[in-house]
Amino acid sequence: MIRFVVSRLIGMVLVLIVVSMVTFLIFQAVPLLAKSSPVYYYIGKAPATPELLQSLTHRFGFDQPLPAQYWSYLAGFFGKSVTDGTSAAVQCPFPCFGYSFRRNELVSTLIGQALPVTISLAVGAAILWLIGGLTVGTLSGLKPGSLVDRAGMTGALAAVSLPIFFTGPVALLIFVYTLGWLPDNNGYVDITQNPVGWFLSLLLPWICLALLFAALYARLTRSNVLETMNEDYIRTARAKGLDRRTIVVKHGLRAALTPVVTIFGIDIGGLIGTTIITETVFNLRGLGTLSIQAIRDLDLPVLLGVTVVAAFALVIANFIVDVLYGFIDPRVSV
Amino acid sequence: MSLSGPTEFEAVAADDGLAGSGLQGDGNPAPDATAPGIAGRSLWAIAWRRLRRDKLALAGGVVIVLFILAAVFADPLAALYLNIVGRGSETFATAHNTPPRNVLDELTLLPVGAFSGASAKFWLGVTPQAGLDILTNLLYGARTSLVIAGLATALSLVLGVLAGVIAGFYRGWIDGVLSRIMDVLLSFPTLLFSLALVSVSSIITTSSFARYAVIVFVLGFFSFPYIGRIVRGQVLSLREKEFVEAARSLGAGNARIMFREIAPNLVGPILVYTTLAIPNNILGEAGLSFLGVGVVPPTPSWGQMLSDAGGFIQVDPFYIFLPGLAIFITVLAFNLFGDGLRDALDPKARR
Numbered sequence: 015m016i017r018f019v020v021s022r023l024i025g026m027v028l029v030l031i032v033v034s035m036v037t038f039l040i041f042q043a044v045p046l047l048a049k050s051s052p053v054y055y056y057i058g059k060a061p062a063t064p065e066l067l068q069s070l071t072h073r074f075g076f077d078q079p080l081p082a083q084y085w086s087y088l089a090g091f092f093g094k095s096v097t098d099g100t101s102a103a104v105q106c107p108f109p110c111f112g113y114s115f116r117r118n119e120l121v122s123t124l125i126g127q128a129l130p131v132t133i134s135l136a137v138g139a140a141i142l143w144l145i146g147g148l149t150v151g152t153l154s155g156l157k158p159g160s161l162v163d164r165a166g167m168t169g170a171l172a173a174v175s176l177p178i179f180f181t182g183p184v185a186l187l188i189f190v191y192t193l194g195w196l197p198d199n200n201g202y203v204d205i206t207q208n209p210v211g212w213f214l215s216l217l218l219p220w221i222c223l224a225l226l227f228a229a230l231y232a233r234l235t236r237s238n239v240l241e242t243m244n245e246d247y248i249r250t251a252r253a254k255g256l257d258r259r260t261i262v263v264k265h266g267l268r269a270a271l272t273p274v275v276t277i278f279g280i281d282i283g284g285l286i287g288t289t290i291i292t293e294t295v296f297n298l299r300g301l302g303t304l305s306i307q308a309i310r311d312l313d314l315p316v317l318l319g320v321t322v323v324a325a326f327a328l329v330i331a332n333f334i335v336d337v338l339y340g341f342i343d344p345r346v347s348v
Numbered sequence: 031m032s033l034s035g036p037t038e039f040e041a042v043a044a045d046d047g048l049a050g051s052g053l054q055g056d057g058n059p060a061p062d063a064t065a066p067g068i069a070g071r072s073l074w075a076i077a078w079r080r081l082r083r084d085k086l087a088l089a090g091g092v093v094i095v096l097f098i099l100a101a102v103f104a105d106p107l108a109a110l111y112l113n114i115v116g117r118g119s120e121t122f123a124t125a126h127n128t129p130p131r132n133v134l135d136e137l138t139l140l141p142v143g144a145f146s147g148a149s150a151k152f153w154l155g156v157t158p159q160a161g162l163d164i165l166t167n168l169l170y171g172a173r174t175s176l177v178i179a180g181l182a183t184a185l186s187l188v189l190g191v192l193a194g195v196i197a198g199f200y201r202g203w204i205d206g207v208l209s210r211i212m213d214v215l216l217s218f219p220t221l222l223f224s225l226a227l228v229s230v231s232s233i234i235t236t237s238s239f240a241r242y243a244v245i246v247f248v249l250g251f252f253s254f255p256y257i258g259r260i261v262r263g264q265v266l267s268l269r270e271k272e273f274v275e276a277a278r279s280l281g282a283g284n285a286r287i288m289f290r291e292i293a294p295n296l297v298g299p300i301l302v303y304t305t306l307a308i309p310n311n312i313l314g315e316a317g318l319s320f321l322g323v324g325v326v327p328p329t330p331s332w333g334q335m336l337s338d339a340g341g342f343i344q345v346d347p348f349y350i351f352l353p354g355l356a357i358f359i360t361v362l363a364f365n366l367f368g369d370g371l372r373d374a375l376d377p378k379a380r381r
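Quick note, the sequences are listed as chains P and R, same order.
Residues are numbered in this note's numbering as their position in the first sequence, beginning at 1, plus a constant of 14.
Residues are numbered in this note's numbering as their position in the second sequence, beginning at 1, plus a constant of 30.
Note that these hints are calculated values from the structure, not bench results.
Where is the CB? At the ideal position from N, CA and C, for every residue including glycine.
Please note that the accuracy of each hint is not assured.
Simulated coverage check for chain P against chain R, where a stretch passes if three residues somewhere in it have a Cβ under 8 Å from a Cβ of chain R [unchecked claim]:
#1 40–46
#2 160–174
#3 182–191
#4 283–296
#5 301–311
With the rest of the complex left out, here is chain R:
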């Protein structure tokens, strides 16, 4: 998403420097390379230039785009694959309900052949016992990862930015209360608590949608204090800046100052936080699924695949490598991109 280019960055950057009066308009100070003399460059233009030179970060960005495409287009991609291998009549759902014949050994229920029984019909083989197609499982697992990690990150962003901006802007007792709440939340044994919440929620309902919602809540809610603290610190210093005073002298209300004047300056740290929070949440979802309190089967999840593979590691390590590699590559890509973004946006970074 952040690859959409420098224009979006620059529009935001209009609030930098002497900006922020709210009257300035969103004139786009795009650097013009052909212009004579010295062209001014916004922070975002500089950041984009730096990012473009960071090959690893760009590679990470490409992988992220592929991951998102795989997750979004899992249905047509799976259909395409099934057609190519001559199993066009199957859908993801039927492939799960009816384990294909002749792929699993009847006695041991293990795939026939090495590499989890990979063949022309099942490119990455099938899972032991259930006999599920590993390739489609991985594909739909990407969707599970992305949806949960994305929603959880969005939840923590909304809560964190709201809490941080309000605490930093109003200070006083409001800040005291919000900061205390965030401190207490950081003292929660998060993973244990998540496990408890998920298991207790299953008393009320066992629907897979409810499970999704609980996982998103657990991952998002317990991580919002991290971004909340960052935002609060930034707002504490931003609220003393001249542009806030200027806006106030023009009659802007608190809400406008907070969300139209101050908030746009937080886009940098928020972007960096987002790209680094998503991989954390991907690992979080995989971890919960690994422990058996993640998404409910038959919804595929990489963590669950790893968990299922654990018992068969001595039979064929292929089962564990495939979902493991999927998690590793995805998380690494997000980390690379996030690191690159942070370096690019850091004004103190090496020239």
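Next comes chain P alone, as it looks inside the complex:
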């Protein structure tokens, strides 16, 4: 078991290094391909004089070879002093993602501000879709062809075909603008200041995001349950005279829902990317809107930071799933 965990950990670090390396390379090398200096995209304008360009290039370290630059980025993660491009050196403590010259702020500060929004959105939606998807999927899978099954699967099929950038505005139109059931606060409300407002401000984003995933989970769960309930060992359990509840809960669902664990971990880990559209639609200032803004400004340090954080979340989630899986199903670790 320990060997399994250790090998997974090593793999995880490798993946992170590859992801950060590729991201870094794209951001540092592409401006060079375009025969312009990355300095331009760091400070957001052309430097006033060639001398200034030269000195900034040196100060940012762009005159060094790419591997050295990457190493300095990687090593700097544990804290270093970065230049803010004008005069003073800024202390950048762990975890250091560099400095955003567009916003005059440490990237880690910006990410720290945005993270609670994205986490609130992700956790709430995940709870909703897990409950909804598993319930509908299990009920449908246990009684294929029933009314619940047909209604659930039709709804699920419609839901996977509806993009959030369509359902979101329509939901806003109906529940906020027309019916007025929810306040039009246009954005995120801090949970520590106003828990009720926080809940209301996130209700529609949760539902819209969860709807998509719930539909996918319902379909997956249904087919797993359907398949499992046709297995020989279920028939054996039935032949033994076990009551239906025991068969379904102890024998059926345990096997049928194991694959869902994998998918759930990956989906949760990938949510930082997936929430971009939801955050944009509902004007929530999370990591998604932060990255979109960074893209519009070509604010490369911020974009690099968010991408690395997102990859980190994904890799951690994969790792947890793998280890959990190793416990649930001992065959995996062999």
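Given the coordinates of chain P, work out where chain R should sit on it, guided by the hints.
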């Protein structure tokens, strides 16, 4: 495309069962309903029969055909429409460069009248501010969707099948390397990364063709591990089958075994994957355009139309419903057809 009928299916199915010697020829074992006794039916004939009975899947197929026709014949269809409404002198390009008069309110730049100013001259009205004809925009948006989703799917298919077949066939370190690459790719925050790539590529060039290419690459490249894994798993088991041994004993080389003997057996899963990947890529393209990093205006895109409509939703929800419905119906059709196809091809499906 998959509606072309059972003959194509059966030709492929000749490799099923005891087939695959490579010497068998493509004799077409079409079921003959009038033949006395028991006629053998290939897997594909059975699948086609099942699919034909699945009304929803067929409806999806019809919508897909209409969607493809609209995308391919966008030019003549737009010309026909413009002629009917008496704007024959306009073309798609001029309709975009010169917003038509008397349709937009001069002050607010909003269309005059409800339903986005729909009238006999503009059947679905015009967009606010730019004053573009929504019907032609939707028509050409279908072309954008189809071209990008189609090319992206093709890219992921080619990469995925190549990687999957090679990894599954050679096993060992080749499989190790390819599988590791696919695992790493699946750990990429895809959407974020796509956004970054598109925006960085705009530093180099802002041509709309380059943007097309980057979007296709981003959508296709990051999704190839999905089909790659499926194919790899299938090949791992197929390579142990007798027909592979038979082919080898007849002196067939690795390349022939991989692509002539094994690959045809993968047509089923690949077809299902294709029909389910296309709607995903349609949504992907729309999503990128919605976020402002999709195709460059004036190339119409449904996602971009939705994005533009967002600011006017309280004025007239019609703008958002039209492109939204277009996406929904198209994606739903592909999903219905893909589901039907999967059920039809699944030997374990209910009898």
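So, going through the hints one by one against the coordinates:
1. With 4 residues having a beta carbon nearer than 8 Å to a beta carbon of chain R, the segment 40–46 of chain P meets the requirement of three or more and the stated coverage holds.
2. Three residues within the 8 Å Cβ limit are the bar, and the segment 160–174 of chain P against chain R gives 3, so the coverage statement holds.
3. Counting residues of the segment 182–191 of chain P whose C-beta sits closer than 8 Å to any C-beta of chain R gives 5, which meets the bar of three, so the coverage hint holds.
4. For a cut-off of 8 Å, the count of residues in the segment 283–296 of chain P with a CB near a CB of chain R stands at 8, and the three-residue condition holds.
5. Coverage of the segment 301–311 of chain P by chain R holds [criterion: at least 3 residues with CB-CB distance below 8 Å; count 4].
Checked against the numbered hints above, the structure breaks none of them.
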